[in-house]
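Colleague: Which chain is which? The protein sequence lines are A and B, in order.
This note's numbering runs 12 ahead of the 1-based position in the first sequence.
This note's numbering runs 5 ahead of the 1-based position in the second sequence.
Rather than coming from a laboratory, the hints here were simulated on the basis of the structure.
Predicted, not measured: the structure shown is a model, and the values here were computed from it.
Among the clues, some could well be false.
[Said to hold, decoys possible] Here are the simulated lysine-lysine pairs, DSBU-like style, with alpha carbons at most 30 angstroms apart:
#	chain 1	residue 1	chain 2	residue 2
1	A	Lys164	A	Lys76
2	A	Lys164	B	Lys49
3	B	Lys49	A	Lys155
4	A	Lys155	A	Lys76
Chain by chain, the residues run as shown.
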Amino acid sequence: MRFAIVMKSLFSHRLPADKAHAVISIQQQDFDVAEEYQALLRPSVTGAVVTFVGCVRDFADSEKTLFLQHYPGMTENVLVQINNEAHQRWPLIASKIIHRVGALHIDEQIVFVGVSSAHRQAAFDACKFIIDTLKTQAPFWKKEGRQWVEAKSSDQDAADAWLKN
Amino acid sequence: MTGNVSEANKGQITVLYFASLGDRLGVEQECLTISQPSTVDMLKLQLAERGELWREIIGDGSTRCAINHRLANASDAICDRDEIAFFPPVTGG
């Protein structure tokens, strides 16, 4: 059993991104960054791991619930596409995207993006690419209390910057 | 052929409205009959007939449309049993 687990972890970094462990998760429950970090490591080959967490900040409405809506079916497809594009553009070993949905509160974690690679440049760039692109393409919508959040032009600028490269 | 010609030219689609669109229009999901062939633009015209609010919201330049979970353009075809979604610019992450 131990042999099988070791062999799986040695070779799983060679699987195409969408066939490896669950690389995309849309879920209501919270995630554990330390656990997700461990899952990105591959013995002997991982040189760099970069992780990003987005959290709920305070907002104006007196009703302090952040509600995250998504489009079941389409949202997963888009996240898989973004993840695959990151693996095509950079030499990544592993990656994971987690996005929570439903009702969240201030200071809670919303989104996790983690990537691992042999060297740090790819890990930094891929992580930023994934979150920048997710923010303008992935079908999620935030409601702060009673108010739907509006998309920001600065988010579109950040996503567009990756198109020129 | 006993008068089924008109049925053959019609389709049934599901239309979803997300986020602020759903709230403002007061509907999140509905089934609709369309004439075939149809396109996103034709569906928008059909919905605009419901009144000023629909014209304004569905016709807004920032409103996105998806057909069967893929982003769609104005001229993309809509077929029987398709799932259409209208939504505002996304705000995840």
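Colleague: Which numbered hints does this structure break?
Modeller: none
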